[in-house]
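K.L.:
So the chains spell out like this:
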Amino acid sequence: MSTALRVLTIVSLCSLMTVPLAQGEEVSPTITVGTQEVGLTAGYMFSHRLTEFHTTKQHGPALMPSWMMTLTDPIGDSWYRGQISVGAEMVYLQFREPILTHGVGFTPRIKYTFVALGRLRPYAEFTGGPFWTDLGGNIDEQANEFNFVLSGGVGVSWFLTPQLAANLGYRFHHISNAGTAFPNLGLNASLPFGGFSFYF
Amino acid sequence: MMRQRLRPVYSVLSALIVAATLGCAHTIDVTPSSTANQGSASQSIAENDRVPFVIEAFRMSQNGSPQNPSSEIERRILNSLRETRLFSTLVPLSGQYDGDGGKMVTARLAIDETIDSHPGATAFKGIVIGASMFLLSPFIDLDYDYAAQASLEIARWDGRVTRYEARSSGTAHYNLFRTNPAIIAELKGRVSEACLQELMTQLVHDTNLYLASQTPLPASTIRTVTVNARRSGTAQGVPPAVPVSESPAP
Chain B
1 MSTALRVLTI VSLCSLMTVP LAQGEEVSPT ITVGTQEVGL TAGYMFSHRL
51 TEFHTTKQHG PALMPSWMMT LTDPIGDSWY RGQISVGAEM VYLQFREPIL
101 THGVGFTPRI KYTFVALGRL RPYAEFTGGP FWTDLGGNID EQANEFNFVL
151 SGGVGVSWFL TPQLAANLGY RFHHISNAGT AFPNLGLNAS LPFGGFSFYF
Chain V
1 MMRQRLRPVY SVLSALIVAA TLGCAHTIDV TPSSTANQGS ASQSIAENDR
51 VPFVIEAFRM SQNGSPQNPS SEIERRILNS LRETRLFSTL VPLSGQYDGD
101 GGKMVTARLA IDETIDSHPG ATAFKGIVIG ASMFLLSPFI DLDYDYAAQA
151 SLEIARWDGR VTRYEARSSG TAHYNLFRTN PAIIAELKGR VSEACLQELM
201 TQLVHDTNLY LASQTPLPAS TIRTVTVNAR RSGTAQGVPP AVPVSESPAP
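Just so you know, the sequences run in chain order B and V.
According to the numbering used here, the first sequence is numbered sequentially starting from 1.
According to the numbering used here, the second sequence is numbered sequentially starting from 1.
Just so you know, these hints were derived from the structure itself, not from any lab.
Take these hints with a grain of salt, some might be off.
[Said to hold, decoys possible] Partner residues are not named here, just some residues of chain V that face chain B (Cβ under 8 Å, in silico):
#1 T114
#2 P119
#3 T122
#4 G126
#5 V128
#6 L142
#7 A166
#8 L176
#9 I184
Ideal placement from N, C-alpha and C gives every residue a C-beta, glycine not left out.
Modelling step: build the complete structure from the supplied sequences, incorporating the hints.
P.N.:
This is the structure we're talking about:
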């Protein structure tokens with residue numbers, strides 16, 4: 001937790017130092033087709049034991065650097081007016097329970113950002129990809145180290161400048177091995193997160 | 001033995017590298033091509049035969065929604081008009097021109113843009129590309145359509161109104177890692193250029209209409225425009241009559 005928080009704090013401070021405070025209400029991000037987004041997000045994972053067979057109370061910090069490419073101009077004319085972007089994310093998870101272990105994954109990511117509210121931009125996202133963790137094999141739920149991580153969530157971006165946004169959100173996390181080994185009960189967790197994105 | 005086993009892997013990797021390298025190129029198709037009419041949209045006219053061209057109104061829309069006309073587009077149109085060498089002076093929308101009752105033409109411009117970034121297909125392709133861990137990215141093209149329709153209504157000094165219309169469209173094809181605002185700007189630039197060139201070609205075709213020596217200035221006239229207030233009984237949607245009468249000055 002402390003490492004992730006430290007990284008996020010440093011990034012936050014560096015980002016805020018570059019924000020001209022005088023900009024006020026003039027911020028109006030213009031994100032067009034081909035605009036790229038580089039982001040750094042950190043959060044903390046809390047386990048959900050969905051069945052009586054789930055016993056592991058995994059929890060710990062998460063760090064997620066990401067890259068996205070905007071693929072459409074704003075679509076629609078109503079509240080749902082938004083843009084689609086596609087990209088990829090690295091995910092690092094540290095499991096503090098039941099034993100200190102780690103997990104690393106690489107996930108493609110798709111995001112729909114609502115643009116009707118100006119500098120406040122809610123979004124919905126989905127990620128999924130391979131995930132390696134040495135927690136697998138050490139718990140009753142997962143037999144092996146090679147797994148997949150799927151996550152879906154919502155968030156909101158607040159544009160501090162036309163190029164820089166602060167993000168807050170929530171993801172539901174699922175880790176399992178797609179039936180490549182048994183047992184494969186899956187690990188589920190909630191992951192509230194915060195971070196920053198830079199657009200160029 | 002090991003090398004033979006790995007040969008298919010090397011082949012696949014080589015194919016992917018070649019595809020990724022070649023796949024980085026983007027293509028833009030424009031219809032009609034802006035080079036098709038090049039060279040025909042200009043005239044050489046005696047200086048004293050040219051009349052001023054005054055933009056009276058400029059309307060823009062994007063996918064049917066009204067937009068603020070950008071000065072960049074207006075400048076582009078004025079440049080195209082300048083290249084025709086048809087007119088002595090070009091007065092932009094915000095410009096002031098004191099015609100002094102001399103010959104001049106006034107223009108009403110409208111540009112309608114249609115943009116289609118194929119969001120449904122793009123989202124689907126994005127999912128497929130992501131699911132393939134980006135390996136299919138060089139093989140899956142993303143498309144962006146842009147079309148421009150320009151209409152120009154020119155009123156001559158004697159009241160004759162001529163309307164010109166031109167349309168051009170284009171599609172940019174590119175892959176995920178090649179997506180760039182510059183590609184879209186290039187597409188819009190080429191389509192707009194083709195559209196304006198088509199419009200100017202039509203205008204140059206009617207050169208004789210705008211020669212000062214061809215049509216004399218009508219006798220000094222006083223135009224009276226009377227607008228009646230709409231009666232309460234007027235049917236909805238039917239515009240009230242606006243009589244226009246012309247009477248020679250005493």
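K.L.:
All hints, please: hold or fail.
P.N.:
Hint check:
| no. | hint | verdict |
| --- | --- | --- |
| 1 | T114 | 12 Å, violated |
| 2 | P119 | 5 Å, holds |
| 3 | T122 | 5 Å, holds |
| 4 | G126 | 4 Å, holds |
| 5 | V128 | 10 Å, violated |
| 6 | L142 | 6 Å, holds |
| 7 | A166 | 24 Å, violated |
| 8 | L176 | 6 Å, holds |
| 9 | I184 | 5 Å, holds |
Checked against the numbered hints listed earlier, the structure breaks hints 1, 5, 7; every other hint is satisfied.
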